[in-house]
Structures are given as structure tokens and as C-alpha cells.
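Undergrad: Going down the list, the sequences are from chains R and D.
For the first sequence, numbering that gives the first Met the number 0 puts the final residue at 202, and the numbers step up evenly by one.
For the second sequence, numbering that gives the first Met the number 0 puts the final residue at 251, and the numbers step up evenly by one.
Incorrect hints may have been included.
[What the hints assert, rightly or not] Within a straight-line C-alpha distance of at most 30 Å, the following computed DSSO-like cross-link-like pairs (lysine-lysine) qualify:
| no. | chain 1 | residue 1 | chain 2 | residue 2 |
| --- | --- | --- | --- | --- |
| 1 | R | Lys109 | D | Lys214 |
| 2 | D | Lys244 | R | Lys164 |
| 3 | R | Lys109 | R | Lys164 |
No lab work stands behind these hints: they were computed from the structure.
This structure is a prediction, so every number in the text was calculated from the model and none was measured.
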Amino acid sequence: MSRIVIVDYSCGNIDSVQSAVNYHGQTSVITKDSEVIKNAEKIILPGQGSFKTGVKNLKKYGLFDLLKTKILEDKVPILGICLGMQIFATVGFEDGQENGLNLIPGTVNKMLTKELKLPHIGWNQIKKKKEDTLFHNIEEETDFYFVHSFSYICDNENDILTTTKYQNTFVSAISRENIFGLQFHPEKSLAPGLQIIKNFINI
Amino acid sequence: MLKIRIIPSLLFNGSNLVKGKKFNSWRTVGSVFQNIKLYSLRNVDELIFLDIEAYKNKTIDFNLIDDFADECFMPLTVGGGIRNIQDIEETLRRGADKVSINSGAFHNHNLIGDAVKYFGSQCIILSVDYKIDEKGNKRIFLNSEKKLSNIDLFEYIDKIEAYKPGEILLTSVDHDGMMKGFDIDTIKKINKLSSTSIIASGGAGSVEDIYKVIKDANVKAVAASSIFHFTEITPHNVKNYLSSKGIKVRKN
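Construct the complete structure from the given sequences, taking the supplied hints into account.
TA: Spelled out as C-alpha cells, the structure:
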């Protein structure tokens, strides 16, 4: 089995991500050590908190450029979860403006709501926009657990994997070649979430 | 569309799970691990675990959280005795997804602001217990001190909400454990006034009670304890009933 590295950049509860990976009998390592990440065969970028802090921490640990190389040049599969996915964007507008990894061109903006409250928190369903191995064995309209106030706007519609409706329809999963991002938390979404983690392990 | 969350809340007294009436006359209702396992198997939407005696020991039993968090592939909220940023950090590190803060925030509103800054609002739940005084006013009740404060519920929420907690767990002490329905008027008012999502708590005795608070107070999340401990009703039964009434619930 391949070596999965879960990137620890001091943004949120990542133990549960490892529990979900371990559940499938897959070994994984949680690290911020660039040497370990250099040898990763698969990368999970979890994360909660703000876009700006996330990017700042990746840079502080010397991981920002390393991740870009690993993913864009070495084509290592990466799964971004929540903030981890948002950081794939070209630019984010949380706490001012900040450039992201620009792995899948797009912007991250605050969700527009009227009577509905933010954060968008709870279980909500997905609608598939294209077929992808990441959603193998996941039925249309399956519910996943979300907690976020910002969402991804893709420059290229082909990068959209699923959408979800809150006040408005937003992008809930993205993919392009070896790059996968989920706005929801698969590690907290019971059996369907574990299935997605399994699909990523099997890629 | 966002689904209604039905959240079993588990109260821990340091050795067992317990449930009382109006924050009193506690009865033992089972072991922690059995219940967590059961709810995991039952695929509940979310779980709340509150150590109601933690304030006496200064902090929560972190090893315990460590032990059961791995079993939870659903969101897990942990609370009890949270006083500072270090307590929150440790609770999250041991596997909680969200931390519930009650009297720690009452005595220091900044704790919510700081916590949100460090960890993000998504993992900070403000827990508010209130009780009606002899004049009919709703005031904040402090379980850690077993006393009714002189702070008005509405003023408190208005003030502390500015610190942007992710959610508010709102519990009526008078309705707690009575299993005779929720304090719908108050929950409705708070939900309207507040820009924060409310988790309604205190009073669920039947599936109808839960339906009513969702429909009349327009809340998106309900926490309940006695109904799951003392009746045959499961979270699944509740969701089936809600679904039959046209309320959207998680299917899978």
C-alpha cells in the first residue's frame, strides 16, 4: 500500500482524518516535516480555520512551494478537506486577500445568504456534476457533514465534481487529474465519508 | 438542502452517564463506552458529550475523550470545565470536533473571541443554560456554581454573540429532563434575534415535541437526552417521524 501523508499545519483536528484512514487498514503519518512530505505517495491536506492562517502556516513550515511541486510536477494525488481544499484556489478573500496554491484555478469567497445563518453547518446532500473515482459507490444526493462560511468558485466548470444547495448552490467537491478537494468532512460523514476516504486510498 | 440534526447529548459525572431533572436528581443511565458504541452503530447525526462534574476537577477527563473519539465518525462535541485556550486546544487535540463552553464564557466573554480567533468559529459552541426567576424573567443559570445569575438571557446572548461562536446550545433548565416539550417561545425568540445557529435543548419527551420545536421555533438542530435514555425511541425513530411530516432529514 502506498504511503499516505497527512499534512499537519496547525489547522484543526486532524486526528479524526487519520482515524478514518486507519479504519481501512491503511497506515498514514501526520507530519509537517518537509523531508517526509517529499517522499509522500499520497497527500491529505485537512484543515479548519481561516484561509490566511492556513497559507501562512504552510509557508512557515516550508511546505507551500513543496506541495506545488509534488502535486503539479510529480503528480502525487492530493485530497484537500475543507480549508485544505480552499487553499487549492488561486486567491482567497477571508481576512483580506491572500494567494493560495493555485492548483485548481478559482477564488474562495464568503457565502451569500439571506435568512439562512452562517456557518453552513450540518448534513447536506451532493449533486454530481461529473463521474470520478473519488465518488465511486456514492449515490446521488448522499448527505455529508459540512461546516464552513466560505466556498470555492471554480474558474473552469470542468473542475466541479459536485455541488450542494444552501441559500445558493455552491461547489462542494472539485477534481482535476491528481487533485481532489472536498468542502465537507468525509472523516465526520459516517459510512459515505469513509467510502470516499477508501476511494482516495485506492486511487 | 440542509438537514435537521438530531443530537443525543450524553452527560457524564466522572464515572457514569447520568440524566437528571432540571439539573438535579441525577440518575445513572449507563456506561460511556456502551452508549458511544451504540450511537456510533446507530449512525447518529452528531453527539454531544458534557462532563457535568468537570468544573470540580478543574478539567475534563482528557484520556477518556482520547479513548472514545476514535470511534466517532460523526461530529463530536465535548464540553465541561472549559476555562481557557489550553483547555480548548487539549480537548480538540484529543479528538473532539467542537468544544462547548459555558460558564468559562460567562465569566470571560473574550474566551469565545479568542477561541474563535485561534481555532475558528466552526469548532466553538457557546452553551447557555437559563431558568425563569420568581418574577418570570429568564436569567442565566450557572451549573458550575449551582446558582441563578442576575444576567438576563436576551441581553447575555446579544452581548456574547458579538464574539462569533459557531453555534449556541440553548438549554432551558426548567424544561430539562421533564420530557414535556421544549420552551418553544423562548427558543423561537432567541433564534429570531440571533445570527448564530441554535441547538434547542431541554424538554424532548416525544417525537411530536421535537417536531414542534423544529416547526415552530425554526431551529435546524435539536439536542435530547432523556427521551433516548428512558424511552424506546431512538434518533432513527425521531427522524422517520420528522420525515413523515415533511421535514428533511439525513437519509444515509
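Undergrad: Each hint should be assessed against the structure and marked as holding or not.
TA: Okay, the hints, checked on the actual structure:
no.	hint	verdict
1	Lys109(R) <-> Lys214(D)	28 Å, holds
2	Lys244(D) <-> Lys164(R)	21 Å, holds
3	Lys109(R) <-> Lys164(R)	15 Å, holds
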